[in-house]
Every structure is written in C-alpha cells, then in structure tokens.
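Enquirer: Letter by letter, the chains look like this.
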Amino acid sequence: ILNVEQSPQSLHVQEGDSTNFTCSFPSSNFYALHWYRWETAKSPEALFVMTLNGDEKKKGRISATLNTKEGYSYLYIKGSQPEDSATYLCAIPLGGSNYKLTFGKGTLLTVNP
Amino acid sequence: GAVVSQHPSWVICKSGTSVKIECRSLDFQATTMFWYRQFPKQSLMLMATSNEGSKATYEQGVEKDKFLINHASLTLSTLTVTSAHPEDSSFYICSAYGTADSNQPQHFGDGTRLSIL
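Protein chains in written order, with this note's numbering: chain A, 4 to 116; chain B, 15 to 131.
Keep in mind the hints are simulated off the structure, nothing from the lab.
Just so you know, not all the hints are guaranteed correct.
Unchecked claim - In the EDC-like style, the derived pairs of lysine to aspartate or glutamate whose C-alpha atoms are separated by at most 16 Å in a straight line are:
hint : chain 1 : residue 1 : chain 2 : residue 2
1    : A       : Lys61     : A       : Glu48
2    : A       : Lys103    : B       : Asp115
3    : B       : Lys55     : A       : Glu18
4    : A       : Lys45     : B       : Asp115
5    : B       : Lys80     : B       : Asp102
6    : A       : Lys108    : A       : Glu42
7    : A       : Lys81     : A       : Glu59
8    : A       : Lys81     : A       : Glu18
9    : A       : Lys72     : A       : Glu59
10   : B       : Lys34     : B       : Asp79
11   : A       : Lys72     : A       : Asp58
12   : A       : Lys103    : B       : Glu73
Unchecked claim - One-sided and incomplete, this derived list gives chain A residues near chain B with beta-carbon spacing under 7 Å:
hint : residue
13   : Phe33
14   : Ser46
15   : Pro47
16   : Val52
17   : Gly98
18   : Gly99
19   : Lys103
20   : Phe106
21   : Gly107
22   : Lys108
We put the beta carbon where it would ideally sit given N, CA and C, even for glycine.
Starting from the given sequences, assemble the full structure and let the hints guide the process.
Expert: And the structure:
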C-alpha cells in the first residue's frame, strides 16, 4: 500500500443494521490516522484521531480500531440511522510530513429508513 | 468550538476572472491553514499549506502564481484563483489547525464550489 485506500467505495444499509468499512495505509513511519464524517452540504467533522497500535475509540454508536503493523483501520457503526448517511473519510500524514494529511476517497454510506 | 467559516459557498464566473475565497477561524487562532481541491469522485488533494505571516508552501504540481494564498492574520487565509479557466472548476475547501500536529483533528470550512464558464 503506497496511498490511503478506503473500501467499499459506497454502501447501502437498512436502518438498524450494523456496518463497517476499512481504511488501508502504508504501515511504515505511521504517525496518526484521522476519521472524518462528511455530510452533504456541510463541513467534514472530525470523528477520531488515532495514534496507537491496537487503539479503539468510541463515540456513541460509532467506533474505530487501528492496526498500525498491518496498516488498516476499521470504522464500525452500530444500529445505523438515516442521519448516519454521509461520506466517511480517513487520512494519515504521508510523504515525510507529520501534519499534512493524505486522504482516501471515502466511503459513501446511505442508510435507508 | 473550533469553527471555520469559508466564503463564498459557490461561485460561477466567466473565464479570465480572478476569484477570491476566504477561510476564517471564528473561535480559535489558526497558525496553520490548508487548502484542498477535490475533483469528482476523487479524494481531497492538498494544494498548499498556509502559515500566518509567511509564504505558503505549495504541493508539487500546484502553480503558486495561479493560486495565490495570503495568511495575513491568525484567523484569516485567502485563496485567489487568478485568471480562472474552465479547468479550474472544482470544489475548494480549507481547514485549520490551532497547532500543526496530526495528533489533533483539522477543522474544515464548508467548501466553495467554483464553476468557470
């Protein structure tokens, strides 16, 4: 992995379903990983900043895990609601900088009522 | 807290026009601001890093004479697209740090949709 990759590109789930998606990144020289939620016509909202291998963070029904050795992070949403519909972005510093972020293309989640 | 305001939200103008986009941190001092561009179905791409009181640092492939950045105060950075052409049509979004450290989240504006006719 030479870049930040997110999968799937898009996802449709029913209200009440739990779901998860993946962010993959280069495992060398890891510094931090960011997750953002971006709703249409709004600004991206920070969900988590994760720095430690094995870290798990939780915010309400949303949680994330981090594996820096194998270069991936999972974002989980439990009991999806229509208001969870958004694009979920992950980003890490790449290219020698510890503060300039490289973003994945995002996972577009649509939760159907 | 940590609100970033970006104006305008959308711009439609004729080819050859210069367009200025403002990015303001409303409730914190932003020592570092970033300007990104996003083309359809692509990721946010960093264009430049703006530090208060100093020249912006541009990413490879971004023309500094085309995209003028000014960060004259701790709460305001501006991006001017000079002599814009249709290929400059894109979504531009700014973000800000209080302290430039990726252990901290970036705070984003709402973005500007630029359409050049």
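Enquirer: Now tell me, hint by hint, if it's right for this structure.
Expert: Status of the hints after comparison with the structure:
1. Between Lys61 (chain A) and Glu48 (chain A), the direct Cα distance comes to roughly 15 Å. Compliance with the 16 Å bound is thereby established for this hinted pair.
2. A threshold of 16 Å between alpha carbons decides the hint, and for Lys103 (chain A) with Asp115 (chain B) the separation of about 9 Å falls inside it, so the pair holds.
3. For the hint pairing Lys55 (chain B) with Glu18 (chain A), the CA-to-CA distance comes to about 26 Å; that exceeds 16 Å, so the pair is violated.
4. Proposed proximity of Lys45 (chain A) and Asp115 (chain B) is contradicted: the alpha carbons are some 24 Å apart, above 16 Å.
5. A hinted pair counts as satisfied when its Cα atoms are at most 16 Å apart, and Lys80 (chain B) with Asp102 (chain B) qualifies at roughly 10 Å.
6. The suggested pairing of Lys108 (chain A) with Glu42 (chain A) holds, with an alpha-carbon distance near 14 Å, which does not exceed 16 Å.
7. Distance hint between Lys81 (chain A) and Glu59 (chain A) is fulfilled; the C-alpha atoms sit about 15 Å from each other, no more than 16 Å.
8. Restraint check for Lys81 (chain A) and Glu18 (chain A): satisfied, since their Cα atoms lie roughly 10 Å apart, inside the 16 Å limit.
9. Restraint check for Lys72 (chain A) and Glu59 (chain A): satisfied, since their Cα atoms lie roughly 15 Å apart, inside the 16 Å limit.
10. A threshold of 16 Å between alpha carbons decides the hint, and for Lys34 (chain B) with Asp79 (chain B) the separation of about 14 Å falls inside it, so the pair holds.
11. Proximity of Lys72 (chain A) to Asp58 (chain A) is assessed by CA-CA distance (about 12 Å); at most 16 Å being required, the pair is judged to hold.
12. Only pairs whose Cα atoms come within 16 Å are accepted, and Lys103 (chain A) paired with Glu73 (chain B) is accepted, the gap being roughly 10 Å.
13. Among the interface hints, the one on Phe33 (chain A) is violated; its C-beta lies about 11 Å from the nearest C-beta in chain B, farther than the 7 Å criterion.
14. Against a cut-off of 7 Å between C-beta atoms, the interface hint on Ser46 (chain A) holds, since the closest Cβ of chain B lies about 4 Å away.
15. Hint status for Pro47 (chain A): holds, given a least beta-carbon distance of 4 Å to chain B, under 7 Å.
16. Hint status for Val52 (chain A) relative to chain B: holds, with the closest Cβ pair at about 5 Å, below 7 Å.
17. Look at Gly98 (chain A): its Cβ only gets to about 9 Å from chain B, farther than 7 Å, so that hint breaks.
18. Interface restraint check: Gly99 (chain A) against chain B, minimum CB-CB distance 12 Å, threshold 7 Å, status violated.
19. Hint status for Lys103 (chain A) relative to chain B: holds, with the closest Cβ pair at about 6 Å, below 7 Å.
20. For Phe106 (chain A), the interface hint holds, the least distance from its beta-carbon to any beta-carbon of chain B being 4 Å, beneath 7 Å.
21. Given hint, Gly107 (chain A) at the interface with chain B, holds; its Cβ is 6 Å from that chain's nearest Cβ, closer than 7 Å.
22. The interface hint given for Lys108 (chain A) is met, as the beta carbon of that residue sits about 5 Å from the closest beta carbon of chain B, less than 7 Å.
When each numbered hint is compared with the structure, violations occur for hints 3, 4, 13, 17 and 18.
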